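S.K.: Letter by letter, the chains look like this.
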Amino acid sequence: MNTLTSLLLAGALAASLGGPAHAQRSDPENPDANATWQQLRTTMFQARTIDTAADTIISLEAPERAQDAAIVPISIRTHVEQRPERFIERVYLMIDNNPSPVGAIFHFTPASGRADIETRVRVDAYTHVRAIAEMNTGELYMTTRFVKASGGCSAPPGKDMTAAMASLGKMRFRVEGEVEPGKPALAQLMISHPNNSGLVMDQLTRMYTPAHFVRRIQVSYAGQPVLSADVDFSISENPNFRFYFVPTGEGELKAEVIDTNALRFETAVEVDAGS
Amino acid sequence: MRSAASRLRCSLAAFALAWAGLCSASPDIEPLPVEEIAPGVHVHVGHQATWPGAQGDERAGDIANLGFVVGERCVAVIDTGGSPQLGQRLLAAVRRVSTRPVCYVINTHVHPDHTLGNAAFAALAPAPRFVGHARLKASLAARAPFYREALARDLGLATDDADIVYPDLEVADTLTLELGGRSLHLRAWPTAHTDNDLSVLDDASATLFAGDLLFVAHLPVIDGRLLGWLEVMDALARLDAARVVPGHGAPVADWSPALEAQRRYLSGVRDGIRSAIAAGRTITEAVEALANTGVDGWLLTEDFHRRNLTAAYAELEWED
Ligand SMILES: [Zn+2]
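Line by line, the protein sequences are chains A and B.
Start counting the first sequence at 1; every next residue gets the next number (the numbering used here).
Start counting the second sequence at 1; every next residue gets the next number (the numbering used here).
Hints were generated in silico from the structure; no laboratory data involved.
Quick caveat, the model's predicted, so the values are computed rather than measured.
It is possible that some hints are incorrect.
Claimed, not checked - When the alpha-carbon atoms are kept at most 20 angstroms apart in a straight line, the in silico EDC-like pairs for lysine to aspartate or glutamate are as follows:
hint	chain 1	residue 1	chain 2	residue 2
1	A	254	A	139
2	A	170	B	320
3	A	183	A	252
4	A	148	B	303
5	B	137	B	161
6	A	148	A	64
7	A	148	A	250
8	A	148	A	81
9	A	170	B	302
10	A	170	A	180
11	A	148	B	317
12	A	148	B	302
13	A	148	B	288
14	A	183	A	118
15	A	170	B	317
16	A	254	A	178
17	A	183	A	61
18	A	170	A	256
Take the sequences, apply the hints, and build the full model.
M.R.: What follows is the structure, given as structure tokens:
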């Protein structure tokens with residue numbers, strides 16, 4: 001576990017004390033003003049420059065209004081070819097006003113081909129969502145979207161808690177479209193997991209469900225890492241990720257998932273890119 | 001526990017106008033308008049709007065249908081409204097009709113427009129039993145902080161832990177409640193609109209309180225399992241009811257067209273999403289592509305249709 005991983009958890013616990021009611025107001029026009037963000041910025045990036053004119057490096061798609069606050073699709077696109085001499089090494093996904101504002105830290109390699117990622121997150125309150133790219137050479141680029149979560153009926157806890165526990169650990173893993181050697185291919189990993197925060201049940205102590213969520217994901221292709229991610233319960237129930245890797249010929253695309261109960265799930269798909 | 005909470009309430013009541021009347025019937029509280037749709041069966045029809053609504057809007061929180069059934073022995077309340085204040089107005093409406101004790105408060109499911117008025121009844125002496133689906137307690141515990149945050153943010157209503165009242169009589173399958181001269185048949189359903197839907201059938205009048213298993217005019221909202229809901233509707237249709245009180249929209253005597261309209265909408269969402277998934281569309285693409293289909297004739301489609309599509313996609317992408 002590296003420092004970034006522990007940061008995820010520290011952020012979650014620090015911010016959880018007030019439950020959702022702690023949510024601070026965010027000014028849609030002024031993403032820099034949010035206190036949580038200012039604190040995170042100092043903790044994680046110290047005095048480093050973060051370039052916000054980042055359109056040529058990274059962009060973020062998120063709905064302006066979350067239709068279902070429990071399932072907010074997030075699409076991070078990058079515009080940098082992943083070359084060994086210059087590539088995006090990490091992408092941080094942050095949701096300022098969530099109980100745990102650092103939703104995910106994705107790690108990429110040149111073998112990722114592209115550092116794009118699509119996933120779905122929970123959004124507790126009106127908030128800025130941030131995607132920050134960190135180059136292997138250290139520069140930081142940030143793009144921001146303001147998302148409005150839509151009301152109580154879409155409260156983040158799961159829609160069917162019993163069913164979620166029953167299918168825990170089931171996975172689906174596939175490669176989409178035609179696969180050509182040397183060309184980034186799109187893969188989708190689906191994990192059946194309640195991804196429970198454990199934070200929202202404290203008022204009925206006898207009902208308290210401990211936090212139980214997917215903590216880490218590691219994907220390799222032909223033995224080479226293409227994506228790893230430190231994630232937490234800001235990721236929606238049944239975590240879902242779409243990402244790229246570069247097939248070179250025949251090889252196994254393998255995913256390992258570890259949750260907070262140290263449960264470990266594995267799945268793999270054979271990739272034949274011809275050659 | 002509850003009586004301690006209500007004692008605390010009473011001492012606070014002098015300071016908080018909003019809580020006035022909790023300790024005794026108060027002339028200051030305006031009873032919710034109700035209609036007697038069958039002998040002893042009273043219904044308040046909520047507004048067609050979203051919860052919680054806006055501060056100062058008379059419709060705020062008042063969007064679900066609420067009811068009570070008066071027996072020879074006592075009264076059962078079915079859903080309590082979208083805020084503690086609405087619960088008090090419902091209680092005032094009960095008191096205008098009957099002086100018999102309220103012996104049961106039944107919640108048809110977790111949603112805030114149906115449960116947040118419970119506290120008004122918890123303060124009664126003797127306290128009624130609070131009745132809900134066996135999974136209601138867990139769901140309400142998980143969601144209550146969000147409901148309270150929404151009340152504070154949108155309506156400026158401060159609440160505390162005692163305002164969330166959990167069931168103390170749980171229904172895993174079926175349960176019959178005797179009110180004196182009439183009984184209510186409760187049935188807990190598999191996951192449909194939510195994972196804790198409960199229907200109530202009054203045997204004396206053959207009135208079915210369907211909760212949000214049936215929406216009339218208000219677009220149905222998927223917060224459980226779409227495929228489960230379609231199955232539950234088949235079973236619901238076989239119940240012998242002379243009239244149905246939906247969770248939202250006007251009560252209906254001939255209820256098969258209402259059920260049919262809901263089935264058409266929900267199966268349209270199912271079929272549209274299934275084809276989008278088969279065509280390799282992402283969740284965002286699928287929602288965009290279907291954003292304007294299947295919603296003719298429904299209200300509140302802007303608020304709920306895309307949300308339903310999103311939820312349906314997340315459910316159906318796991319189909320084999
Ligand atoms: Zn409902």
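S.K.: Starting from the hint list further up, note which numbers the structure goes against and sort them upward.
M.R.: 1, 7, 8, 9, 10, 11 and 17
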